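Place chain X on chain D using the hints.
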Amino acid sequence: MTGVVGPAAVFATEEDRDAYSDRFPIDPHRHRPFAALAPTSTEQIQALVRIAAAHRVPIWTVSRGKNLGYGTAAPVVAGSIVLDLSRMQKIEVDLENATVLLEPGVGFFDLYEYLQTRNIPLWLSVPGNSWGSVIGNALDRGLGYTPYGEHTRNLCGMEVVLPDGDVVRTGMGAMPNAPTWQLHKYGYGPAWDQLFVQSNFGIVTKAGMWLMPQPEVVRGFDVEMDRMEDLGPLIDAIGPLRREGVLQQSPTIGNWFRAANILTTRKQWTDKPGSLSDEVISAIRKQFGLGWWGVSLRVYGRETVAQANLDILEKALNAIKPMSMKPFSWRPGEPFAATQGGWMGVPMTFPMQSANWFGGRGGHIGFSPVLTQSGKLAQEQFNRTYARYREFGMDYQASFAFGERHMLNVNAVLLNLDDPQFMKRVDPFLRTLIADARQHGYGEYRAHIDYMDLVSDCYDYNNHALRRLNERVKNALDPAGILAPGKSGIWPAAHRREQKA
Amino acid sequence: MRHALLIGIASLITLGAHAADLNGQQLFQHKCAMCHGAVGMGTGLLARRMKPEVAPLEKREDLSAAYVERAARIGILNMPPITRGDVSDAQLASIATYLSKGKP
Chain D
25 MTGVVGPAAV FATEEDRDAY SDRFPIDPHR HRPFAALAPT STEQIQALVR
75 IAAAHRVPIW TVSRGKNLGY GTAAPVVAGS IVLDLSRMQK IEVDLENATV
125 LLEPGVGFFD LYEYLQTRNI PLWLSVPGNS WGSVIGNALD RGLGYTPYGE
175 HTRNLCGMEV VLPDGDVVRT GMGAMPNAPT WQLHKYGYGP AWDQLFVQSN
225 FGIVTKAGMW LMPQPEVVRG FDVEMDRMED LGPLIDAIGP LRREGVLQQS
275 PTIGNWFRAA NILTTRKQWT DKPGSLSDEV ISAIRKQFGL GWWGVSLRVY
325 GRETVAQANL DILEKALNAI KPMSMKPFSW RPGEPFAATQ GGWMGVPMTF
375 PMQSANWFGG RGGHIGFSPV LTQSGKLAQE QFNRTYARYR EFGMDYQASF
425 AFGERHMLNV NAVLLNLDDP QFMKRVDPFL RTLIADARQH GYGEYRAHID
475 YMDLVSDCYD YNNHALRRLN ERVKNALDPA GILAPGKSGI WPAAHRREQK
525 A
Chain X
753 MRHALLIGIA SLITLGAHAA DLNGQQLFQH KCAMCHGAVG MGTGLLARRM
803 KPEVAPLEKR EDLSAAYVER AARIGILNMP PITRGDVSDA QLASIATYLS
853 KGKP
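Chains D and X supply the protein sequences, listed in that same order.
Read in order, the letters of the first sequence correspond to residues 25 to 525 in my numbering.
Read in order, the letters of the second sequence correspond to residues 753 to 856 in my numbering.
Pulled out of the complex, with its shape left as it was, chain X reads as follows:
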C-alpha cells in the first residue's frame, strides 16, 4: 500500500490519560467544541436564540463560571447534562474559568 510505504517503519503510538494535563482552553476543545465549536449542534441552536456571531461559547462575554458549571451539569433545553464521569468537577471548573474570562 502506498501509505504504508510513506510511513515506513513507524508503528505503534499510544495516547495516555492526556485530559488530566490540559488547561481550560484545551479542555474546552476536547470536551465541548464538538457541539460548541464552529458547526456543532450547540452553536447551531444558540444561533436561533441570539446573534449568530456570539453563538459559539468562546465568543460570549456574558458567561459566569457558576452559570457554565450549572448549565453543564443539569443541561439546558436540548443540551444533555454532562456527567462527572465524562468531565470531572476539576475539569469543568477549568473550562468554566476559561469561558467566563475570569468572571466568577
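Chain D on its own, in the form it takes in the complex:
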C-alpha cells in the first residue's frame, strides 16, 4: 500500500493511531485503527482496495475524519486501516446551474472561502460544527438550518470506487461527458446515490451537490418560549407551515441548555453532581435571557414573496404567545452577527465550546430518534427522555429539527472525560434511551460507531429483512468484506462473528 500512496502518505506511529481514534469516546481503546493512508486520486483508491481485498484487510474510509460525536475518524473494527481522503480537495463550481462537484477532502470552510473569495453568489448549508467535509456530512445525513439544510438531499451524482476496484458514476454521470450529471438526480433505471449514504458498499471519490442561489433577502424571528410544556404548541405552529412550504428552511427548536452550554461552564453555577436543579436552570436562563425552548425561523428569497410568508409566520407565532420574538432582516452586502452564521450558510465551530461544559475534557454523543411533527407526541417523547436524563444524572440538551414531514429529535449527552464514574453511566443511559424510543416505534437517523449495531437492530421488521437485504448486497459487492465492516450495522459474512448489539 505504501507503494501506491508513497511513504509520506502512510501514518502508522502510535501517535498516528491515537490521532485517528475517537475523540469523544466511551472507551478510547475500543476503535483504535492500525494505520491511516492518505490517497490523492481515484486511481490510488482503486489500487488500495484491490490490495486490501487480496489480503482481506479491513478499510475504514473518512472524508476528513472530523465526525465528532459519531466516532471521529475511528473505525468500528479496531485494527482497520483508515483511508483518509483529506488530501482530495478539488472543487468545480457550475455558476449557472448552482451546483458544485466536490472531492471528499473539501471542508465547509474550504468551500465557503472558495465561493467568498471569488464573489460567487451561491450559499452552502452548514452543520452546527462545520469542521468536517461537505461530502462526508451529506453521506452521514448531516443537518443544517437553511432551505438546503437536509444535506443528503443536495447530493446529485457520484463517482464511487467499488470494493473490487471498479469505478462507477451514478445518475447522468453514467453517460460520459453528460452536462446533466449534477442536474438530474436519477439518471435512467435504479438511482444509486442513496445506496452509498450511511453504507459500506463503496468509496465515494466525487459527489455533486446543489448550492443555494444567494437570496434577495433573509428575514425571520428568533423566538423564545418560556415553559417546558410550550414545546408541543410550538411544533404545532411550525409544522403546518413547513409542510405547506411557507417555511422552506429546516428550523431547529433547541432547549435553553443547547444555547447556554456554549456560553458558560457548569462550575460557575453549581458543584452538585446529578442533573441541574430547577433553581440553577432558572438562574442560567435569566442570565442569558433564554426561554426553555428557542427557535430561529427564517424566510429566504425574493423580497415580496419572503415578506408575505413572514407575515403568515408572524401571525402563527403570535397566536402561541412567545416569551420574546426578535426580528432578523438582511440583504446582500449588510453585516450580520457571527452567531447568525448557521442561518446564513457561514461555517462555524464555536458551538463546540459545549465540550468544555464540565470545565475539562468533554465531548458529546447523540441520541437522535426520528419523530413525527405532532406536538403532542413530541411533548410525550420529551417528557420520557427528560425523566431519563434526570434518573441518570445528566444535563439535558435537545433539539427538534424539522424535515418536510418528519422531525429529528437530536439529543446530546455531554461527556465528562475526566470523570470515570460519570463515563460509566453513559453507555447504560444511551442503551436505555434507545430501548425506550424503540417501544414507541422511534428509531435513530444516525449513530456513533459504538451504537450502530444496536440502532440497526431496531429496524427489525420481518425478522430483520432490511438488514438481510443490506448484507446480501454487501456480500455481493464486497465478498472479501474489506470496506468498513460494521458500518451502520452492516456486516460482511467474513466479519459476522464480530457483530454484537
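No lab work stands behind these hints: they were computed from the structure.
Because the structure is a prediction, the values reported are computed rather than measured.
The beta-carbon is built from N, C-alpha and C at its ideal position, and this holds for glycine as well.
Treat each hint with caution, since some may be false.
Residues of chain D placed beyond 10 Å of chain X at every Cβ, according to the derived structure [to be verified]:
1) Arg-74
2) Glu-137
3) Leu-265
4) Val-270
5) Ser-320
6) Pro-359
7) Arg-408
Which chain X residues face chain D? A few, computed with CB under 7 Å, are given here [stated by the list, open to error]:
8) Gly-792
9) Ser-816
10) Arg-836
11) Asp-838
Short derived list, chain D residues pointing at chain X, Cβ under 8 Å [what the hints assert, rightly or not]:
12) Phe-35
13) Glu-38
14) Arg-41
15) Ile-50
16) Phe-58
17) Ala-62
18) Arg-88
19) Asp-108
20) Ser-110
21) Phe-133
22) Gly-263
23) Ala-362
24) Ala-379
25) Phe-382
26) Arg-385
For chain X alone, coordinates are given in the frame of chain D:
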C-alpha cells in the same frame, strides 16, 4: 435567474492542490483559523483561561515552534489531535514557525 444573468457565460472553476504552495500564515488561515480565528471554538475556550486579547493564537508572544507542533499532534484539552493526513509535517512546521514568530 438573476444571478445567472449577472454571471453570464462564466462556467467552471477548478481548485487544485493549492495547500502545498501556501506559506505559514496562509496555512494557518486554511487549516487552523476555523477554530483559532476571531469567533472559533479554540479562541472561545482559550479566552476562559487567559486574557481574551491574546486568546487568538496569532496574538500570542509565548508560543515556541516545538510547542505548537506538539499541541497540534497530541491535542490539548478539547482540541483534538490534528492528523498528518489533514496537515502534513511540512505544513505544520510552517504553521509553527509562523505562530512562534521565529522562536524554535
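Results for each hint:
1. Arg-74: For Arg-74/D, whose nearest Cβ neighbour in chain X is about 21 Å away, the distance exceeds 10 Å, so it holds.
2. Glu-137: Contrary to the label, Glu-137/D does not stay out of reach of chain X, its closest Cβ about 8 Å off (not over 10 Å).
3. Leu-265: 25 Å, holds
4. Val-270: 22 Å, holds
5. Ser-320: 17 Å, holds
6. Pro-359: At about 13 Å from chain X, Pro-359/D clears the 10 Å cut-off, so the statement holds.
7. Arg-408: 31 Å, holds
8. Gly-792: 5 Å, holds
9. Ser-816: 19 Å, violated
10. Arg-836: The hint holds - Arg-836/X has a Cβ within 7 Å of chain D, the shortest such distance being about 5 Å.
11. Asp-838: 5 Å, holds
12. Phe-35: This interface hint holds because 5 Å falls under the 8 Å limit.
13. Glu-38: Violated: closest Cβ of chain X sits about 11 Å from Glu-38/D, beyond 8 Å.
14. Arg-41: Interface hint status for Arg-41/D: violated (11 Å vs cutoff 8 Å).
15. Ile-50: 16 Å, violated
16. Phe-58: Since chain X brings no Cβ nearer than about 15 Å to Phe-58/D, farther than 8 Å, the hint is violated.
17. Ala-62: Since chain X brings a Cβ to about 4 Å from Ala-62/D, closer than 8 Å, the hint holds.
18. Arg-88: Interface hint status for Arg-88/D: holds (7 Å vs cutoff 8 Å).
19. Asp-108: Holds: closest Cβ of chain X sits about 4 Å from Asp-108/D, inside 8 Å.
20. Ser-110: 5 Å, holds
21. Phe-133: Nearest chain X Cβ about 5 Å off; hint holds.
22. Gly-263: 30 Å, violated
23. Ala-362: 4 Å, holds
24. Ala-379: Because about 4 Å separates Ala-379/D from the closest Cβ in chain X, which is inside the 8 Å limit, the hint holds.
25. Phe-382: 10 Å, violated
26. Arg-385: 6 Å, holds
Checked against the numbered hints above, the structure violates hints 2, 9, 13, 14, 15, 16, 22 and 25; every other hint is satisfied.
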